[in-house]
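For the sequence shown, the tail end lands on 344 under the working numbering, and the numbers increase by one without skipping.
Honestly, the hints are just simulated from the structure, not real lab data.
Positions of the beta carbon are idealized from the N, C-alpha and C atoms, including for glycine.
Don't take each hint at face value.
[Stated by the list, open to error] When the alpha-carbon atoms are kept at most 25 angstroms apart in a straight line, the in silico SDA-like pairs for lysine to any residue are as follows:
| hint | residue 1 | residue 2 |
| --- | --- | --- |
| 1 | Lys180 | Ile228 |
| 2 | Lys111 | Glu152 |
| 3 | Lys97 | Gln25 |
| 4 | Lys69 | Ile228 |
| 5 | Lys300 | Arg323 |
| 6 | Lys69 | Lys129 |
| 7 | Lys69 | Asn211 |
| 8 | Lys114 | Lys314 |
[Unchecked claim] What follows is a list of derived Cβ distance ranges for each label pair:
| hint | residue 1 | residue 2 | range |
| --- | --- | --- | --- |
| 9 | Lys94 | Arg242 | 38 to 48 angstroms |
| 10 | Pro267 | Arg242 | 35 to 45 angstroms |
| 11 | Tyr100 | Thr4 | 16 to 26 angstroms |
| 12 | Met237 | Arg283 | 41 to 51 angstroms |
| 13 | Lys69 | Glu327 | 25 to 35 angstroms |
| 14 | Val87 | Met237 | 42 to 52 angstroms |
| 15 | Lys69 | Asn243 | 42 to 52 angstroms |
| 16 | Pro267 | Asp210 | 18 to 28 angstroms |
| 17 | Lys69 | Leu306 | 50 to 60 angstroms |
| 18 | Lys333 | Ser153 | 39 to 49 angstroms |
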Amino acid sequence: MKTVTLGSTNITTPQNAFGALPLQRDTIERSVAILQRAYEGGFTFFDTARAYSDSEEKIGLALSDVRKNIFIATKTMAQNTEDMKVQLETSLKTLKTDYIDIYQFHCAGKCFKPGDGTGMYELMEDFKRQGLIRHIGLTAHKIGVAEECIESGLYETLQFPFSYLSSERELALADKCKKHNMGFIAMKALGGGMITDSRAAFAFIAQYDNVLPIWGIQRESELEEWISYMKDAPKMTREIRNIINADKEQLGGDFCRGCGYCMPCPAGIQINNCARMSLMLRRAPSDAWLSETWQKNMKQIEGCLNCGQCRTKCPYELDTPRLLRENYEDYKKVLAGEVDVRH
2 MKTVTLGSTN
12 ITTPQNAFGA
22 LPLQRDTIER
32 SVAILQRAYE
42 GGFTFFDTAR
52 AYSDSEEKIG
62 LALSDVRKNI
72 FIATKTMAQN
82 TEDMKVQLET
92 SLKTLKTDYI
102 DIYQFHCAGK
112 CFKPGDGTGM
122 YELMEDFKRQ
132 GLIRHIGLTA
142 HKIGVAEECI
152 ESGLYETLQF
162 PFSYLSSERE
172 LALADKCKKH
182 NMGFIAMKAL
192 GGGMITDSRA
202 AFAFIAQYDN
212 VLPIWGIQRE
222 SELEEWISYM
232 KDAPKMTREI
242 RNIINADKEQ
252 LGGDFCRGCG
262 YCMPCPAGIQ
272 INNCARMSLM
282 LRRAPSDAWL
292 SETWQKNMKQ
302 IEGCLNCGQC
312 RTKCPYELDT
322 PRLLRENYED
332 YKKVLAGEVD
342 VRH
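Could you build the full structure based on these sequences and the hints that come with them?
Dropping the structure here:
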């Protein structure tokens, strides 16, 4: 398994990292077992966040006894210094550790800088001087923010959505980080669930020697698949290239990643799934999507207020109301049997 060093941090880890967001949906017992199995299987980098409900707690319970052998990245969504102090204190407690390897501004809407009047970056520096954190990073969904943070030279790592479905401008971030000796962490390396072949996802990212993918893992079967790549990593082949090209042709860049940053909807629409229902029906087929519950969820699109909040909050700048309408029309055709989505 190839290793990656995250820029100037000197953090070197297998190019195969654990994303702990999905663990908040599982029991403590199962999550602890999965995390311990991940460590046994070779994972050394674990990414979580204060916003992921009990994800930090589960990591603390599972891995505190091997803390010196692993790297932990977590995040704060605090919007002021007082809240950030409280969030770091809570993270340290729940993770059962006295330091965070990488502390990140979560879904940063701006590039925090010294002297900007917020005191946020200065507080990060203070945390670092105290030894409470070792490196300062951020996660972003807006590419302009990401590019500004790279150019600023203030951050040691950037976490950004990155997969073979990314645009050329998004893919260029990897080279920009390399040029600035900045670590690059790839989130949504499965395209928000739209990439269904893990070999293709892995082989694509393996072409970048400075990119660390974090795979969102919840089930034992998923974990074992990623663990198997520790010894037998997928390589780019003609077959995998064909899979990638077919996916790119079908999906392009104009699709909902399901991140949920547009939520909540004032009309109660479950935007993060409703706006990509057509793709879910075809790429993750399940009778559950056609259940009475989901029929009701999709029908709520009829009550859209056209307020535009979802459009303004979308980090990918998608025309979300249009996607909702298009997905609803397609959904009605599937229900009526006019469109066959069976494989």
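Structure-based check of all given hints:
no.: 1; hint: Lys180 x Ile228; verdict: violated (31 angstroms)
no.: 2; hint: Lys111 x Glu152; verdict: holds (13 angstroms)
no.: 3; hint: Lys97 x Gln25; verdict: holds (17 angstroms)
no.: 4; hint: Lys69 x Ile228; verdict: holds (21 angstroms)
no.: 5; hint: Lys300 x Arg323; verdict: holds (15 angstroms)
no.: 6; hint: Lys69 x Lys129; verdict: holds (18 angstroms)
no.: 7; hint: Lys69 x Asn211; verdict: holds (23 angstroms)
no.: 8; hint: Lys114 x Lys314; verdict: holds (23 angstroms)
no.: 9; hint: Lys94 x Arg242: 38 to 48 angstroms; verdict: holds (47 angstroms)
no.: 10; hint: Pro267 x Arg242: 35 to 45 angstroms; verdict: holds (44 angstroms)
no.: 11; hint: Tyr100 x Thr4: 16 to 26 angstroms; verdict: holds (22 angstroms)
no.: 12; hint: Met237 x Arg283: 41 to 51 angstroms; verdict: violated (25 angstroms)
no.: 13; hint: Lys69 x Glu327: 25 to 35 angstroms; verdict: violated (51 angstroms)
no.: 14; hint: Val87 x Met237: 42 to 52 angstroms; verdict: holds (46 angstroms)
no.: 15; hint: Lys69 x Asn243: 42 to 52 angstroms; verdict: holds (44 angstroms)
no.: 16; hint: Pro267 x Asp210: 18 to 28 angstroms; verdict: violated (45 angstroms)
no.: 17; hint: Lys69 x Leu306: 50 to 60 angstroms; verdict: holds (52 angstroms)
no.: 18; hint: Lys333 x Ser153: 39 to 49 angstroms; verdict: holds (48 angstroms)
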